[in-house]
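Trainee: Each chain is listed here by its residues.
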Amino acid sequence: QVQLQESGPGLVKPSQTLSLTCTVSGDSISSGGSYWSWIRQRPGKGLEWIGYIYYTGNTYYNPSLESRVTLSVDTAKNQFSLKLIAVTDADTAMYYCARDRTRNWFDPWGQGTQVTVSS
Amino acid sequence: EIVLTQSPDFQSVTPKETVTITCRASQSIGSNLHWYQQKPDQSPNLLIKFASQSISGVPSKFSGSGSGTDFTLTIESLEAEDAATYYCHQSQRFPHTFGGGTKVEIK
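In order, the protein sequence lines correspond to chains A and B. By the working numbering, the letter at position 114 of the first sequence is numbered 143, and the numbering carries on one by one without gaps. By the working numbering, the letter at position 13 of the second sequence is numbered 36, and the numbering carries on one by one without gaps.
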């Protein structure tokens, strides 16, 4: 059974960098069978796709966040990570990682991690 | 980017009723439309892929149809455990986008 688990600080100060890691179990990132995505859900808002990364390091970012986002992958640890710089309170959200099958549907999702931007 | 508009935003139904949720795309997306269920305090769960393809482990009461710009998710014989918010998602064109969600309440 494939499982994803997000981890990282729950509180980030404005203008600082948000860093999250997703640990994958039950599937190997380096197998190349999937892409790996980050998605967020801001309070009272819908879902927003942030971007995906492939095991080779190839990435695609949502243009709305592209200037501030970096995704990276560590195949040895079977993890992928999100960095979002210069955060504001608009970046307060539940952040999910998800397996992105063939760059189509997301399944499964991690349980999510709440990140609050506040001084 | 492709905008997905779901309707209704909210629906309150009695048990055993059938619910139909619609998702309209701002441009044609073929069958590259997927549906998710998000229960309170849980992450989204894939229900239907490619507009109408069922997912292993998902009850057959959930079905999808449509292509191009108009899609529907139908939930038959609603039970209390189906209370959730349902989202559509398109993968036709980057960036991936989601509909605004339809909250289904069981009376």
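Don't take every hint at face value.
List time: in silico SDA-like cross-link candidates among lysine to any residue, alpha-carbon distance up to 25 Å [as the list claims (entries may be wrong)]:
| no. | chain 1 | residue 1 | chain 2 | residue 2 |
| --- | --- | --- | --- | --- |
| 1 | B | Lys62 | A | Asn133 |
| 2 | B | Lys130 | A | Met123 |
| 3 | A | Lys74 | B | Glu104 |
| 4 | B | Lys62 | A | Met123 |
| 5 | B | Lys126 | B | Ile25 |
| 6 | B | Lys62 | B | Gly91 |
Only some residues are given here: those of chain A computed to face chain B with a beta carbon under 10 Å [unchecked claim]:
| no. | residue |
| --- | --- |
| 7 | Gly62 |
| 8 | Pro72 |
| 9 | Gly75 |
| 10 | Trp78 |
| 11 | Ile79 |
| 12 | Tyr81 |
| 13 | Tyr84 |
| 14 | Asp103 |
| 15 | Trp134 |
| 16 | Trp138 |
| 17 | Thr145 |
| 18 | Val146 |
Hints are computed from structural coordinates only; laboratory data are not their basis. Beta carbons are placed, not taken as given, at the ideal position from N, Cα and C, and that holds for glycine.
Trainee: Does each hint fit the structure? Answer for all of them.
Mentor: Okay, the hints, checked on the actual structure:
Using a Cα cut-off of 25 Å, the hinted pair B:Lys62 and A:Asn133 holds, with the two alpha carbons roughly 22 Å apart. A threshold of 25 Å between alpha carbons decides the hint, and for B:Lys130 with A:Met123 the separation of about 28 Å lies outside it, so the pair is violated. Restraint check for A:Lys74 and B:Glu104: satisfied, since their Cα atoms lie roughly 23 Å apart, inside the 25 Å limit. Proposed proximity of B:Lys62 and A:Met123 is supported: the alpha carbons are some 14 Å apart, at most 25 Å.
As the CA atoms of B:Lys126 and B:Ile25 are separated by approximately 22 Å, the hinted pair is consistent with the 25 Å bound. Between the alpha carbons of B:Lys62 and B:Gly91 the distance comes to roughly 28 Å, so the proposed pair goes past 25 Å and is violated. A distance limit of 10 Å between C-beta atoms decides the matter here; for A:Gly62 the minimum to chain B is near 16 Å, and the interface restraint is violated. A distance limit of 10 Å between C-beta atoms decides the matter here; for A:Pro72 the minimum to chain B is near 13 Å, and the interface restraint is violated.
Because the smallest distance between the Cβ of A:Gly75 and any Cβ of chain B comes to about 5 Å, under 10 Å, the interface hint for this residue holds. Checking A:Trp78 against chain B by beta carbon gives a least distance of about 4 Å; that is within 10 Å, so the hint holds. Taking 10 Å as the C-beta contact cut-off toward chain B, the hint placing A:Ile79 at the interface holds, the least distance being around 9 Å. Taking 10 Å as the C-beta cut-off, the interface hint given for A:Tyr81 holds, the closest approach to chain B being about 8 Å.
Contact between A:Tyr84 and chain B, as hinted, is not supported at the beta carbon level, the nearest pair being about 19 Å apart and thus beyond 10 Å. Residue-level restraint check for A:Asp103 is violated (minimum Cβ-Cβ distance to chain B is 22 Å; threshold 10 Å). A cut of 10 Å between beta carbons decides the hint on A:Trp134: the least distance to chain B is about 4 Å, and the hint holds. A least Cβ separation of about 4 Å between A:Trp138 and chain B falls short of the 10 Å threshold, and the interface hint therefore holds.
At a threshold of 10 Å, the smallest CB-CB gap from A:Thr145 to chain B is about 17 Å, leaving the interface hint violated. Hint status for A:Val146 relative to chain B: violated, with the closest Cβ pair at about 21 Å, above 10 Å.
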